[in-house]
Amino acid sequence: GENVEQHPSTLSVQEGDSAVIKCTYSDSASNYFPWYKQELGKRPQLIIDIRSNVGEKKDQRIAVTLNKTAKHFSLHITETQPEDSAVYFCAASNNQAGTALIFGKGTTLSVSS
Amino acid sequence: GAVVSQHPSRVICKSGTSVKIECRSLDFQATTMFWYRQFPKQSLMLMATSNEGSKATYEQGVEKDKFLINHASLTLSTLTVTSAHPEDSSFYICSARDQGHTGELFFGEGSRLTVL
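In order, the protein sequence lines correspond to chains A and B.
In terms of this note's numbering, the first sequence is residues 1 to 113.
In terms of this note's numbering, the second sequence is residues 1 to 116.
Simulated from the structure, these hints should not be mistaken for laboratory data.
Misleading hints may appear alongside valid ones.
Claimed, not checked - Sample of chain B residues with no beta-carbon within 12 Å of chain A, all distances over it, derived: (1) T17; (2) S18; (3) L26; (4) E87.
Stated by the list, open to error - Keeping only pairs whose Cα atoms sit at most 30 Å apart, straight-line, the calculated BS3-like set for lysine-lysine is: (5) B:K20 <-> A:K68; (6) B:K20 <-> A:K42; (7) A:K58 <-> A:K105; (8) A:K57 <-> B:K64.
As the list claims (entries may be wrong) - Cβ-to-Cβ under 10 Å is the rule here; a few derived chain A residues that face chain B: (9) Q14; (10) G16; (11) L46; (12) F103; (13) G106.
Idealized CB from N, CA, C, for every residue including glycine.
Kindly produce the complete structure, drawing on both the sequences and the hints.
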């Protein structure tokens, strides 16, 4: 089955800096790679996702890149703000109805002002 | 986006009792729902895949007789933690995929279970 590795486990940046979180996956059949932000005690919230037919996607300060050959994808947050502080999870699946998302272990991002 | 509702949000029970958690897809039909468990400061771990009208598929290491899953309709799946013990205390969260939303997975609010 799928296995997703995520690094780093913690990341501290100064407000305004960029943050990068990296994930690798094992199953070449995976074609859907979402990123979630989770605040304490709440459900994960989708912040951006990418499918295997594109290499990069951007939404304002957030971007995701995908390298299918190397089986890795990354989340880039620019101009970080204190409200970006949270736990971020990457995930992977083959995006079929009966297939669950497999999550990475998470990255705790702390943005200090 | 699609809405998945989960109930109860918090439950406290005594050791040895059973607790039922409901997960509903409010505006779409879900033939499959997924149950995850999340311990403090850890990731979401897939417990089982719930299939409407058939048996659930459990991940390795998850006891099917302890975590009973029923998916009797296209909008409702239930997870029953039987004979709960303190080590079952966790955040349980369900999810479902609405194919009409390009396959995005939607999550319920989660249920915080505390077993005394």
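Quick rundown of the hints versus the structure:
no. : hint             : verdict
1   : T17              : 23 Å, holds
2   : S18              : 24 Å, holds
3   : L26              : 14 Å, holds
4   : E87              : 20 Å, holds
5   : B:K20 <-> A:K68  : 41 Å, violated
6   : B:K20 <-> A:K42  : 20 Å, holds
7   : A:K58 <-> A:K105 : 23 Å, holds
8   : A:K57 <-> B:K64  : 40 Å, violated
9   : Q14              : 24 Å, violated
10  : G16              : 27 Å, violated
11  : L46              : 6 Å, holds
12  : F103             : 5 Å, holds
13  : G106             : 5 Å, holds
Violated hints, in rising order: 5, 8, 9 and 10; the structure is consistent with all others.
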